[in-house]
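Asks: Throw the hints in and build the complete structure from the sequences for me.
There are 4 protein chains.
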Amino acid sequence: MKNIAYIENFDDWINGFTYSYPVKVRFSETDLFGHLNNTKVFVYFEEGRIEFFKEIGIMQQWLTSAGDGIPVTSDLQCNYLRQLFFDERLDVFVKINAIGKTSVDLHYMIKNHQGEICITGRGRMVQVHKKTGKPFEWDENMMEKLKSSIVSANI
Amino acid sequence: MKNIAYIENFDDWINGFTYSYPVKVRFSETDLFGHLNNTKVFVYFEEGRIEFFKEIGIMQQWLTSAGDGIPVTSDLQCNYLRQLFFDERLDVFVKINAIGKTSVDLHYMIKNHQGEICITGRGRMVQVHKKTGKPFEWDENMMEKLKSSIVSANI
Amino acid sequence: MKNIAYIENFDDWINGFTYSYPVKVRFSETDLFGHLNNTKVFVYFEEGRIEFFKEIGIMQQWLTSAGDGIPVTSDLQCNYLRQLFFDERLDVFVKINAIGKTSVDLHYMIKNHQGEICITGRGRMVQVHKKTGKPFEWDENMMEKLKSSIVSANI
Amino acid sequence: MKNIAYIENFDDWINGFTYSYPVKVRFSETDLFGHLNNTKVFVYFEEGRIEFFKEIGIMQQWLTSAGDGIPVTSDLQCNYLRQLFFDERLDVFVKINAIGKTSVDLHYMIKNHQGEICITGRGRMVQVHKKTGKPFEWDENMMEKLKSSIVSANI
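Taken in sequence, the protein lines are chains A, B, C and D.
Residue -1 is where the first sequence starts when you use our numbering, and the numbers rise one by one after that.
Residue -1 is where the second sequence starts when you use our numbering, and the numbers rise one by one after that.
Residue -1 is where the third sequence starts when you use our numbering, and the numbers rise one by one after that.
Residue -1 is where the fourth sequence starts when you use our numbering, and the numbers rise one by one after that.
To be clear, the hints were calculated from the coordinates, so they are not data collected in a lab.
Hints are supplied without guarantee of correctness; some may be wrong.
As a list, the in silico DSS-like pairs of lysine-lysine whose alpha-carbon atoms are at most 30 Å apart [said to hold, decoys possible]:
| # | chain 1 | residue 1 | chain 2 | residue 2 |
| --- | --- | --- | --- | --- |
| 1 | A | Lys128 | B | Lys99 |
| 2 | B | Lys52 | A | Lys128 |
| 3 | D | Lys22 | B | Lys143 |
| 4 | C | Lys128 | D | Lys132 |
| 5 | D | Lys109 | A | Lys132 |
| 6 | D | Lys132 | A | Lys22 |
| 7 | C | Lys22 | A | Lys93 |
| 8 | A | Lys129 | B | Lys52 |
| 9 | B | Lys22 | D | Lys52 |
| 10 | D | Lys99 | A | Lys22 |
| 11 | D | Lys52 | C | Lys129 |
| 12 | D | Lys128 | A | Lys109 |
| 13 | C | Lys128 | D | Lys129 |
| 14 | D | Lys99 | A | Lys109 |
| 15 | C | Lys128 | D | Lys128 |
| 16 | D | Lys128 | C | Lys132 |
| 17 | C | Lys22 | B | Lys132 |
| 18 | B | Lys99 | C | Lys132 |
Far from chain C, by Cβ distances over 12 Å, these chain B residues were calculated [to be verified]:
| # | residue |
| --- | --- |
| 19 | Phe8 |
| 20 | Val23 |
| 21 | Thr37 |
| 22 | Glu45 |
| 23 | Lys52 |
| 24 | Glu53 |
| 25 | Gly55 |
| 26 | Phe84 |
| 27 | Glu86 |
| 28 | Arg87 |
| 29 | Gly113 |
| 30 | Asn139 |
| 31 | Met141 |
| 32 | Leu144 |
| 33 | Ile148 |
Yeah, the Cβ is synthetic: ideal placement off N, Cα and C, and Gly gets one too.
Replies: Have a look at this one:
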């Protein structure tokens, strides 16, 4: 496997994923080179990330006017190991790699239906205050949910 | 020319356009058939429409919290006369065809750099109230701006 | 119901649909007005159309180098009856309205999970020759498949 | 400035850019949080990269059937320093950071019209053979053009 800075041990890294969300490559997501356009992978990351956040129970708070925070992308990284093609069915795996006071570092892995790893990635999301745009600490409830998603993955 | 329901006389129709906005076909907007994906034309319509609204001075009111209305798309129609390809420079022409109490019917024409008409279209935008989502009448100021854009086109 | 030119009798029109494909509104498909951006509906139309073509068995021929034809969009029309929002689960209904020598007129209907019709649409696809770009007649096999999809819908 | 792994000295890094391409944030590129959706930055990177490749004279070879190679994205990285908003005019700066036998490492910087750095990024493009999909060495002509773009930047 390729040398990717954010992956220490590939087998351990793969085994750390327990959540995945299915996507299928749309026609409008291909480009004239006949494969998935590179920019569309981040749409899959976003969809996987949101479904993951819903799964662990912290997405709703961001969508209602009740909460003061919204998640913004701090950085993103993506490695393209295999080209993806129209109509391929993919699984977008998402896991938490690290939790900060106001942020969370997520890792991503996309597999095709032959089980081959096509894409790896990572990126930090930061919760910012809706009005100030400044980093905004996780409340206890959210922090607990973030943590428990790691614990359950490690069992 | 093709028979298109919303165009009575093609020459008159073409001559009615006085405003245009330039766009260029992006790589990520092509698809595996090697041409511009059909769904992306509506992005050009939207961009042309917004620039047109800015030109005649009614866009700002929708973007600030001052105004109570936002424009929503009521319907859209598009005829694809010629395929468009990566890197082509296009001009998106926009004009007002008719003005209602709460809506405006816009017509669109996209030409390539050889001056060939590649796309024609039309669609009605309705101003709705931000909170109720119901149609919301143009105020006098907006109505005047919409009307004067037609007058100036006809001179 | 609204008066829509391509729908004669709304109840009959609705009952004519037998095929649907599920989609969900992605975060990246919303815009700053907080709803689905108008341009993204055509992505749903395309996805529904392709899945429909796969279902009736004519998509494969276009994707392999074996066939000489590719389908291109001749025109598209869309009526927005209700706003769509992030995370809504939708069903994209597709049916054949009419078959020409080289083309097919498709109708679309998008319902939300309350069963409300949010979007209606139609558009003509033309089969063109890969090299000349000119309209290319359906072969007997394809024509039969197109026709049988209507017959089975009417039973 | 933030600590970003691929930037050693921020001032030197900024001064290394000599090429930029203008873009404007489209309405359809925003999302319901009211800012540019994170996935769209990569569209700007791609557009800037392609214009840069055209500028240094290596893009044409990839678009014609004459050449055997096409460029594919090997990895991408992006740091979001400031939120971007609808209608902002941006400059996408692109430069070559390193040249390999079959690849090139590009760096990106996006500034708003106040001259503030909003986005930084990098990513490696690899030339692969159209048929085999395997890495494909730069020919002398391309290598020269890649190199001269760095030299001219350093003068």
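Asks: Among the hints numbered above, which are violated by the structure, and what are their numbers in rising order?
Replies: Hints 1, 10, 18, 21 and 22 not satisfied by this model.
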